[in-house]
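Colleague: Sequence:
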Amino acid sequence: MEVTTSFLYDMNRECTQNALLSFYPFQCYSVFKAHSTERSSTTDPKLFFSFFQPPAPLTTPALKSRGHVACTYTGANALGQASDSSSILLEAASGGNPDSIALLLEYGADANIPKNSGHLPIHVAADRGHLLALKILVPVTDFVAIKQSGISPVHCAAAGAHPECLELLIQAGFDVNFMLDQRVRKHYDDQRKSALYFAVSNGDLPSVKLLLSAGALPNQDPVNCLQIALRMGNYELISLLLRHGANVNYFCRVNPLHFPSALQYTLKDEVMLRMLLNYGYDTERCFDCPHGDKVHLFYTFEGWTSTVIKDTMFCEVITLSWLQHLSGKVVRVMLDYVDQVQICSKLKAVLQKQALWSEIHNILTNPRSLKHLCRLKIRKCMGRLHLRCPVFMSFLPLPNRLKAYILYKEYDLYGQGTFTGTW
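For the sequence shown, the numbering used here assigns the number 426 to the last residue and increments by one with no breaks.
Do not rely on the hints blindly, as some may be mistaken.
[Stated by the list, open to error] Okay, derived cross-link-like pairs now, SDA-like style, lysine to any residue, Cα gap no bigger than 25 Å in a straight line:
(1) 150 x 120
(2) 374 x 408
(3) 351 x 270
(4) 332 x 212
(5) 271 x 357
(6) 212 x 423
No wet-lab data here; the hints were simulated from the structure. Source: prediction; values computed, not measured.
Sequences and hints are given; from them, build the entire structure.
Modeller: See the structure below:
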């Protein structure tokens with residue numbers, strides 16, 4: 004059984020010409036093996052690599068330009084690293100060839116050696132969506148090495164929008180609530196931490212469902228995941244996050260409002276507005292105003308513009324010239340979720356010009372029904388987390404019709420199949 008040197012060099016030239024900057028002798032081994040089988044020749048990989056020394060003038064510059072200097076030497080050292088500490092195994096994981104990865108591991112490659120950025124081969128495979136490569140790397144990767152890297156492959160799979168890789172990692176026991184280390188977070192302007200945030204930012208519903216079903220927490224990031232979904236206007240994503248406990252009463256860190264920040268994204272969309280209110284949005288804060296019936300004063304500070312960060316009231320927002328036309332519809336919807344409230348002089352002046360003013364005035368000046376007041380009281384006693392929990396609701400000793408009333412099912416526009424909520 005004989006392996007001809009001419010065949011090896013012919014294959015070297017072919018691989019070099021076709022691959023150039025992505026040339027790996029390991030990826031050519033499968034071709035060599037098939038050729039040897041056809042000719043009843045040996046398939047010993049040691050013999051293959053002993054012959055594998057491509058013409059230096061052609062291949063060395065290409066290999067060095069990518070940092071794969073180790074590949075230019077006879078024997079193709081599986082433990083070689085590039086100038087950025089990137090291992091040959093990491094580059095093979097980037098390509099996703101499972102045969103190459105398996106061969107490297109067989110010859111002593113270490114899956115726990117990071118490159119300068121801290122990434123391991125498992126991170127690269129997850130980010131590129133190489134499922135077969137990931138299956139090989141999961142059992143040989145140390146959790147300690149992942150923790151030291153500051154980023155989980157779950158983050159990488161979520162960032163790359165690869166739900167099949169995400170499912171594999173979850174089944175392998177990776178923590179869906181592993182948070183990015185501070186040294187990694189600083190590279191993101193929004194200081195994101197969770198894998199769920201990556202999936203929500205991509206609008207990747209399958210990945211979001213997998214993460215939430217596996218116990219991912221939706222309120223861990225500086226910028227709330229719900230805020231991202233609301234900004235997208237994605238009804239299914241919003242509904243999914245709310246059902247799994249997303250906080251409707253979060254406050255944005257930049258330019259904080261007196262009322263929970265989520266409302267600002269729903270003023271033009273009744274479906275999204277009803278979603279927030281049904282899940283326990285603090286509507287009463289929207290009617291807070293220190294001025295009451297008195298004249299509202301303009302806030303001015305010497306040396307500052309009118310955009311000074313302050314505790315901005317709802318009445319100051321909804322009465323802006325470009326939002327006044329929405330004020331009647333928004334306030335009318337809100338009145339379905341509050342007891343008797345007082346509106347300030349500024350808001351009243353704008354509402355009086357709206358078509359719904361007569362209906363709003365009638366609600367404000369008459370006692371609310373006992374049925375409505377009982378619903379509000381029950382919801383307050385239950386709390387926001389119990390309201391969104393189907394298991395808890397199933398144990399309540401109440402008729403299903405009454406449960407539906409408590410949950411505002413008659414106003415669940417998305418649940419009723421309404422997918423366009425623009426006023």
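Colleague: Each of the hints needs a verdict: does it hold here or not?
Modeller: Taking the hints in turn, this is what the structure says about them:
1. 150 x 120: holds (14 Å)
2. 374 x 408: Given pair residue 374, residue 408 holds - Cα atoms ~10 Å apart, limit 25 Å.
3. 351 x 270: holds (18 Å)
4. 332 x 212: violated (33 Å)
5. 271 x 357: Roughly 16 Å separates the two Cα atoms, so the pair holds.
6. 212 x 423: At roughly 23 Å apart (the allowed maximum being 25 Å), residue 423 and residue 212 satisfy the hint.
When the structure is compared with the earlier hints, a violation turns up for hint 4 alone.
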